[in-house]
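> Given next are the chains, with one letter for each unit.
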Amino acid sequence: MMPLLEVRDLVVRFRTHDDVVHAVNGVSFTVEPGDALGLVGESGCGKSVTNLAILRLLPQPAGRIEGGSAVFDGTNLTSLPESALRRIRGRDIAMIFQDPMTSLNPVLTIDEQMVETIQAHRDIGKAGARARAMELLDMVGIPEPSQRLRGYPHQLSGGMRQRVMIAMALSLEPRVLIADEPTTALDVTIQAQVLELIEKIAREQHTAIILITHDLGVVAGRTKRVNVMYAGFVVEAAPTGELFAHPLHPYTVGLLHSIPRIDRAEGEPLIPIEGAPPDLRDKPVGCAFAPRCAWRIERCWTDTPELKDAAHDGPVRLNTDGSGEIDGRHRVACWNVPTPAEARAGRPLGRRLPRSTAGPAPAGEGESGS
Amino acid sequence: MVKYIVRRLVGAIPVLLGLSLMVFAFLHLLPGDPAVAILGEHATPAAMERLRETLGLNKPLSEQYLTYMGDLLRGDLGNSLVNDRPILKSFMEKFPATIELSVVAMLFAIIVGLPLGRLAASRPHSLTDGAVTVVSLLGVSIPVFVLGLLLQYFLSVQVQILPPSGRIDARLDFPQVTHFMLVDTILTGNLEAFLSALGHLVLPGIALGSIPMATIARITRASVLEVANDDHVRTARAKGLSEARVSKRHIMRNAWLPVITVIGLLTGYLLAGAVITETVFAWNGVGSWVVEAINNHDYVVVQSSILVFAVIFLTVNLIVDILYAVLDPRIRYS
Amino acid sequence: MEATTVSGARIGPARRSRGLFRDAWGRLRRNPPAMVGLFLIVSLVMLGVFADLIAPYDPLAGRLADRLQLPSAEHLMGTDLQGRDVFSRMLFGARVSLMAGVVAVAVGFLVGGCLGAIAGVFGGWLDPIIMRFMDTLLAVPSVLLAIGVVAWLGRGLGQVMLAVGITYTPVFARLLRGSILSLREIDYVIAARSAGASRMRILVRHMLPNALTPMIVQGTLSLGTAIVTVTALGFLGLGPPDPRTAEWGVMLTDSIRFLRIAPYLLFFPGAAIVLAVIGFNLLGDGVREALDPRQRR
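Chains as they are written, first to last, in my numbering: chain A, 1 to 370; chain B, 371 to 704; chain C, 705 to 1001.
In isolation and in its complexed conformation, chain A is listed as follows:
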């Protein structure tokens, strides 16, 4: 089955007067119908930028797609003329954003904002569009929809606003919904509700979801596959359960060991990942995670690893809960993958190639001691 959306080797850079920021450095992933893909990574890893690039919503004029492609249903979105792309935005691929407070126009009523979305893509009168809007508000669980329609965004709570955003995004029954940190700005109790809602509607309308988040907990229950991103690269990709059970990339291992988990023994220490993400203004050389990686070898400093199938005996195509097949491969980008025992322990367990602590020195500075 042809993937609905295929992103291949996408490169995005931001160019300002003084700097170049290498935000996305060759990212590839696919989304299939009925899929639920999680994009996980810390702030600045490029997960949001990648998705903004798909719809060409990057801040202008700084943000530019400088390589790769994003093919939706056979059409390359990166080279599509603006007028054609506009038809796809909102109608075939919809996006909701992190902060519902600032993502809605404060001076227009909810009604006006929802109706304009519907009327932009369908030949339908105001009354018809308004009726549909009421339906949608009802579907997302907003009480007294007719009253809410006449109101303004600032009169709603954060959770409500996000529901409105979801309603608006799904008003044209898009094939793909991109949810960029939809719950980060909300209270914890509301988070679960909103995620629940997204999942439910996606199931009912057969919408594929891309769920972007930095929170592994969000990803755990709600996605079928996960891509872990770091510094503009995808470093690991696997079905969700597989990723949590058998993490392969040192970064993923680190992430999983730095959060508290019920299935771990009490008293086991949390192991933070030391250091900080690289400055994206520097051109990436070698593996981006090398400076913080406990498994690094000489090669990591010079050669950028590519995402490759890991040796693993799961099926290539997984059939999950009867809603269709998804890509069941487990892929990782690493020259020195930790063993399962090391992954469980969260640190290297003495063997194999000597660890190299020395690396190519940043320009102009001497090397620090081993």
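Calculated from the structure, these hints are not laboratory results.
Please note that the accuracy of each hint is not assured.
[Stated by the list, open to error] Computed cross-link-like contacts, DSBU-like style, restricted to lysine-lysine with a CA-CA straight-line distance of at most 35 Å: (1) Lys126/A / Lys200/A; (2) Lys373/B / Lys126/A; (3) Lys459/B / Lys429/B; (4) Lys429/B / Lys126/A; (5) Lys283/A / Lys308/A; (6) Lys200/A / Lys308/A.
Based on these hints, arrange chains B and C on the given structure of chain A.
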């Protein structure tokens, strides 16, 4: 909404009181002997005594203030010390001239400034943007009197395509009903006079309106640039709306809020600038009347006019605030 | 400067910061329009300071026989109605006009700052009274307020400086009060955890720069408008009572009647005023960008 309006009105009261106090102080608490200040040192004691009686300066201060407030509330601003006419009456006769000038200046500022600002914002950091920035900088930096004189020199003296001063060709004569030159000329059906009046408005209008024009261009540019980067604009684009729609409903709708506030503040500038512009262009409005009064030591005219101007300024700002509330629902429902 | 963590992981070089004002000066230096502005201002100030050395003639005295001469080798900028050398008057005028602008802003800065500080620090019933008073001052458009004050006090350069200073008082008062109010919050938090007076002193040393920054920006921007207002009052005849005084605004009054035959009487003082204002505007914008960490628009 009504609550908001009431709150603003109530908030204006202490300011109005303060203004009246201030002007009262200016008039009745002159440093030194007011009679000397007004009549000069060589006036006869009898004349000075008469003046003191007229101004009520011999009574205790509190009584003076009460009389003053009473007069104010009845609309009595006192009489001119020069010709003893009621100030309010003279003001009403001369004010239309100032209004005409100010309105033309503001129209010029908005019609030129707003599109310039939008243009610059649509092409940030480009040559067009740079040009607009330079023009606004110049516009803001050339004071009214300098610009007025320059315009007079180049367009009236050298080239003579526009009249240098006055409100209308002095040779034309017709009854003045409203004292609005444009209106009066229309009422008498005199096309030549109308065109003359219009022509006379050009130079002073541009001179007075240049700083507001530059300010509006700057604010518009900044505001549009700021809103264009807002999240909700991104959402609008993500919904697949056309660029025209995004620009109109999502960018401009939010961007011109600060511009409206600025226009309110600029009215204050126009009122003050009118004083100077009218002097340069021999424009027969309140501004030149005030300057004349200063030279004649007619302080009652000066201070009373300032009071009226301040009240007008306050009122305009109040209207702007209300307008802002109408346009921004966040203010309305807070 | 590189750092390594305990396990040997490397962290990239840190970006060094050298204190608010030195950083700001660095940014200012790299801002071409601001430097142009600074150059303009410094030049005009220098011309004013060294006026008695540079000026070829006495700015106050002239021979009637020489009056209204066009610019020539003898009189670089021509002569005025009284036969006085315009160039010399321009140089001494720089002193008067620029100084008047600076003093006016200084008055506004100090008086407004004090009032704002009192309102912010002591609060209570002082706060609303002071701020209402400021509102009253703001209700009158500034040039008119200045005219009113000068009409009240009588004409003269000092009166003009005071009057214009009064018109700037509300702006500075509001600014400083606002800064103090927002910094007070931090004060209480630290005070709860603090361990002695030394912390307080550090606070003052950090608080003050933060509170003063918007004032400095405003001050620089206000210098431009102050020059305009001061010269405008001079133009209207409210300035120095001695008609011989060299002040740019006063010189422009003289030019009105002789535009046709002596336009240079308009050009030179006019250009000087415009250059001064442009200079302060450019510098002010630059100072604002340099001191505002948000930068870049």
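> Which hints, by number, does the structure contradict?
Of the numbered hints given earlier, the structure breaks just one, which is hint 4.
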